[in-house]
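Q: From first to last, the protein sequence lines are chains G and A. Each residue of the first sequence is one higher than the one before, starting from 1293 at the first, in my numbering. Each residue of the second sequence is one higher than the one before, starting from 69 at the first, in my numbering.
Source of the hints: derived by calculation from the structure; they are not laboratory data. Wrong hints could be hidden among the right ones.
Stated by the list, open to error - Negatives, chain A to chain G, calculated, CB over 10 Å:
id: 1; residue: Y284
id: 2; residue: I300
id: 3; residue: K323
Said to hold, decoys possible - As a list, the in silico DSS-like pairs of lysine-lysine whose alpha-carbon atoms are at most 25 Å apart:
id: 4; chain 1: G; residue 1: K1421; chain 2: A; residue 2: K348
id: 5; chain 1: G; residue 1: K1439; chain 2: A; residue 2: K355
id: 6; chain 1: A; residue 1: K363; chain 2: A; residue 2: K331
id: 7; chain 1: G; residue 1: K1441; chain 2: A; residue 2: K363
id: 8; chain 1: A; residue 1: K331; chain 2: G; residue 2: K1421
id: 9; chain 1: A; residue 1: K363; chain 2: G; residue 2: K1439
id: 10; chain 1: A; residue 1: K348; chain 2: G; residue 2: K1427
id: 11; chain 1: A; residue 1: K315; chain 2: G; residue 2: K1439
As the list claims (entries may be wrong) - Pulled a few chain A residues facing chain G out of the computed Cβ check, cut under 7 Å:
id: 12; residue: I230
id: 13; residue: L303
id: 14; residue: G340
id: 15; residue: F343
For glycine and all other residues, C-beta sits at the position ideal for the given N, C-alpha and C.
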Amino acid sequence: MKKLLFIFVSVIVMSSWVVVSPDQSEEANAKIKTIYIYNFTKYIEWPSSYKEGNFVVGVLGTNPALFSELNKMAISKMVGTQKFEIKLVSTPADCSKCHIVYILSDNSSQLNDVLGKLKGKSALIVTDKSGLATKGSGINFFVDGNKQKIELNRSNIEKYKLKVASTLVDMAVQVK
Amino acid sequence: MLKILRTIIFGLLLFRAVSLNAQQSRVDAAYTFLQKGDLDSAKANIDLAILHPETQLDGQTWYVRGFVFKTIYNQNEKSNKESVSRLEALISFKKSISIDTSYENILENIKNVKYLATTLYNDAAASLDTIDYKIAIKNFDIFRAYYLLVDPSTDNFKQKEIDFSNAIATVYTQIYEGDRQGKADFLNLAKASYNKALTFDPNNINANYNMGILYYNQAVNLIRQSDYDLDIVALNDVQDNSINLFKASLPFMEKAYSLDPNKRETLLGLSGIYFSLNEKEKSNEFKQKLEQIEK
Chain G
1293 MKKLLFIFVS VIVMSSWVVV SPDQSEEANA KIKTIYIYNF TKYIEWPSSY KEGNFVVGVL
1353 GTNPALFSEL NKMAISKMVG TQKFEIKLVS TPADCSKCHI VYILSDNSSQ LNDVLGKLKG
1413 KSALIVTDKS GLATKGSGIN FFVDGNKQKI ELNRSNIEKY KLKVASTLVD MAVQVK
Chain A
69 MLKILRTIIF GLLLFRAVSL NAQQSRVDAA YTFLQKGDLD SAKANIDLAI LHPETQLDGQ
129 TWYVRGFVFK TIYNQNEKSN KESVSRLEAL ISFKKSISID TSYENILENI KNVKYLATTL
189 YNDAAASLDT IDYKIAIKNF DIFRAYYLLV DPSTDNFKQK EIDFSNAIAT VYTQIYEGDR
249 QGKADFLNLA KASYNKALTF DPNNINANYN MGILYYNQAV NLIRQSDYDL DIVALNDVQD
309 NSINLFKASL PFMEKAYSLD PNKRETLLGL SGIYFSLNEK EKSNEFKQKL EQIEK
């Protein structure tokens, strides 16, 4: 009788390690923030002079996953009749033509410069570091119980001649 | 080995020659046809012998039947992973063991059962894909039944259960990943299979890691498949559900890490889980460990 060997182990070694992609968690986080940003365009109204041309979202800082996700959103969504335009902004001076300026956490120190450049304009300033909603930003992302949430400073939004719906105010943590 | 078996069979048949009767001659004829390579006639004779009261309770009748069907399997059905003759052979050898408990008879039958059980095991392994996985499960179940018959020591079998549970879980995961909406049940099957492996060995690194990844990917996919139109209340629900899944993933990945702190995949997994739980410091800690081992 011919002796047979168990060949199983080699098959298992080949088949059983599923590898996680390191980008997945960053992409998921970027998706959450992009959904928030798209929501901001639904609950905030810009002056009529800002309702022509593209709706420009400027990102100050480097986050490839977020930039990519915003661009994916820009392909399928619009703000009224305006197409989205996602811009990488390298200096605060480049923010002046944006409808939304998103200052990433690593670039938080540039908030004051951005505020200076946006005087007299109508832009929503979004930040990503604890406490910045009290220092000039309109909406700030923060983490509470592992969850990504937003805090909203209504007066910081309205000083740029933007109207914010009470629905959005109610869904955010309000900061004065 | 074949020669020894033939000698044994020949000896037994010779012994029986003194008490030959009509039914016994069926068994003899089956053996003679087997030797001549006429498997159809061997099968016809031995199948009649097992129906008759004079021979159906004789261990040797069933042993010869097992041998006939084993030969049919080896000659005609080796490439058939669902060979009926192999099963008939196993049933016959098992029956022979239950009737004739003499040392020699048990020894010979066990050798044949082990041989055929091993072919089932290997066919189960060869069927571990998204098409033939049901054959793999069936063959492994039969293998288990016969292997435990001849080697009841559960310790010897434990590793095989773990290996098979992990492997079939991987197949279930592949099916699920191919169609997450339509094949959602396979995600639960994969989890159940990894859980089974962990029941046998809570320190199995493979099962721990993959279980962690299942929950992790489920959480990530929940977020990634969300529409941009989702309102903030619904987005909060998605976040709550994904956080629960990330938290479910964590103990498995932590366990895998404790078992092998230098495994690249585990460090990546932990970094990803903590990032998703918005615990950036811990995420960076594992990212740095990964960078260190990759230097």
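Q: Now tell me, hint by hint, if it's right for this structure.
A: Outcome of the hint check:
no., hint, verdict
1, Y284, "6 Å, violated"
2, I300, "4 Å, violated"
3, K323, "16 Å, holds"
4, G/K1421 <-> A/K348, "13 Å, holds"
5, G/K1439 <-> A/K355, "21 Å, holds"
6, A/K363 <-> A/K331, "14 Å, holds"
7, G/K1441 <-> A/K363, "37 Å, violated"
8, A/K331 <-> G/K1421, "33 Å, violated"
9, A/K363 <-> G/K1439, "34 Å, violated"
10, A/K348 <-> G/K1427, "23 Å, holds"
11, A/K315 <-> G/K1439, "12 Å, holds"
12, I230, "9 Å, violated"
13, L303, "5 Å, holds"
14, G340, "4 Å, holds"
15, F343, "4 Å, holds"
Hint compliance for this structure: hints 1, 2, 7, 8, 9, 12 are not met, and every other hint is.
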